[in-house]
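Enquirer: Sequence:
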Amino acid sequence: MTVTNIICLPDLFKSQLARQNGMFDLVREPILQGCGIDIGHPPAIRKKSSSLLAGFDLEQFLALAAEARHEPRRSPWTAPRAATDYLFSFIPENTLVLSADMPPWLSQACEERGYGFMDVTMSPLRFARDLYIAIRCSDEGVLQKIATHAVKREELRLEAAALAANVRMHQALLEEEGSFHFDDLDGSLIYIGQSPFETSLQTPDGHILGCDDFAERLNALCQGRRLLYKSHSPVADFAQQERAALARIAGQPVGLCQQSAYQILSSPADLALTGISADILQEAAWFDKRSHMLHQPAVPLAGQGGFSSTAYQQVHFKDFLSPAFWHQVLAPGRQAPAVAEIPAVAHHHARETLDQWGDYSAVMTWGRTLPYESFLRSGGLSLIQRVESLEESASARPAATGENSFCNSKKLVVLGNGPSLKGLDLRSLAGADTLGMNAAYRHWERIGWYPDHYVCLDDQLIETHAGAIHDMIVAGKVKTAFLIAKILNDYPDLRGRENVFFLESFKNSSRKSAYLRGLKIQSSVPFKGTGYLEHTTGAFAVRYGAHLGYADIAILGVDLRYVEVLPEARHAGEIKLVMTDTPKHNPNYFFDDYQRAGDKYNIPNPGWNLHVSAFRRVAADRDAYRWTTRIVNSNPQSVLFDESVFPFVAIEEFLEE
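Read in the numbering used here, the sequence shown has 618 at position 635, and its numbers run on one by one without any break.
Be aware that one or more of the hints could be misleading.
[To be verified] Quick list of the computed label-pair ranges, beta carbon to beta carbon:
(1) 501 - 458: 19 to 27 Å
(2) 367 - 341: 50 to 58 Å
(3) 28 - 158: 50 to 58 Å
The hints are simulated quantities; they were obtained by calculation from the structure and are not laboratory data. Backbone N, C-alpha and C fix where the C-beta goes; we use that ideal spot for every residue, glycine too.
Based on the provided sequences and hints, a complete structural model is requested.
Expert: Here it is in structure tokens:
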């Protein structure tokens, strides 16, 4: 294969491409020096030249794709023909398509049209002292050249052995000094959970694989072994559902495995692992552990067999950054580069020796995970828990005594925006405080009425309605607001306002974001246990009401019977939607122009019943953490009523109590 032109193309349907674009940035100069080819920039990077022919319009590409599909969730396997034909009409002939985390639709489109392609991604084997880069290519000759640089199996075994020895030694030290005791994993089968968003779990027909799809094999694997569940999903409810399904399949209780991935792999215990396609299942063999992958890996690694355009070769990161590597792989007939690679010296050697860091210290520490987790694991977590305990005690006193300037009543009505609210005179709720949410302010403007509190926790709604939300707060139309910190990108003046609260201040998983944005960290019993819980505006509005100290909360207008994608909406990447027209009839809300042309929003339930699960979790947490707030449902047309998530009390009765 003679390469004369290269373009870099990520998945154009995705909006979050920092990692993929970063991969292109890393190899742009090495390829230029090694091959004399400028790969340009992806078409989504503004003010940067792309190697596509002039005239390509990303918005036109997305519009063509949106016209041809109405599924609730876009599949990475397919893209509409009109969109791919449009894209490839701007790709010159004899061009190599370079992608990062290449989606199946793009590789299929390249194959159909005779374009060579190369995909670069992180290797699933991540136990070495540094990450490996995995590369696959449609051209056998190029892949064979890459194979000459591939990491040797002997090196992989050495890396795994070194890590395992490290982990086992430190575990033994903790056991010897009596500071920790590790569970015995002998005789166990550990199921590795995954996030439902992972591409490797999606089949070409749009189905999201789960353990139920492999019930027969899982049942056989469990025979004679104790089944444990290792969660890697940030979606707590999804992990709980998967664990319950495993218990049903195996016919035995399924305990949680609390040990980390490399503690499991380094363990001397007789254990086995299974799962659908998790990376750890590919790592297991290097630690002499048995694994049973139920589906196929996201990044299949090349073995001893023949050529396959779907298999990846692993190379060292230093080679990935080397002009000599790209010269030998793509342009061996060209004169060798003047500098073969970055000189092999210790990273930061001069800075450490001379102690001259300047602003580079901020590069190494600002917003980085390691310093933050180092603080947590060296006593910071205990300190945070102690401070939280004191804050919870302090915040409980005003709630118990009614000392809260934000509350006129001890009762709160949380107003959803479902069709069941149609025709209700909101002024009739005067016997209690009220909380409204999202785009309902459009109706409030018309009738000249506003609730006491306002909540919006949807990133797409914040993008669309930030100005109106800001005006509502500054004008004093609502007493308090509960928002996500994204609004600070446009209105930083909301930071520090006594009556504006942010989700990131309450969720442990968002604490890092709160620190970086300068937000006050708040401890609150109603937000306990929500660290990695997917949030919804409705369910978290109830938590917010309990946090404010209300004794009784009634939920009204929360129907939870969504039409997931309206005919007037088009896909805008991932689970995002944009309204192309204002609906004449909107079946999801109590007034038809709740959503208008140009509004951005997210699919309500992207792949699982997110909203109902979030309310169930509120009910469970209220009991588990002994909230002092009573919560009732006052909507007989709600799924909450059908499933008895909360006790039912008619709104008239609630107001008169």
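Enquirer: Per the hint of 50 to 58 Å, is the separation of the Cβ atoms of residue 367 and residue 341 within bounds?
Expert: The hint (50 to 58 Å, Cβ to Cβ) is violated, given that residue 367 and residue 341 are roughly 31 Å apart.
Enquirer: Are residue 501 and residue 458 spaced within 19 to 27 Å by their CB atoms?
Expert: The hinted range 19 to 27 Å holds for residue 501 and residue 458, with Cβ atoms some 25 Å apart.
Enquirer: Indicate whether the distance between the beta carbons of residue 28 and residue 158 respects the range 50 to 58 Å.
Expert: holds (51 Å)
Checked against the numbered hints given earlier, the structure breaks only hint 2 and satisfies all the rest.
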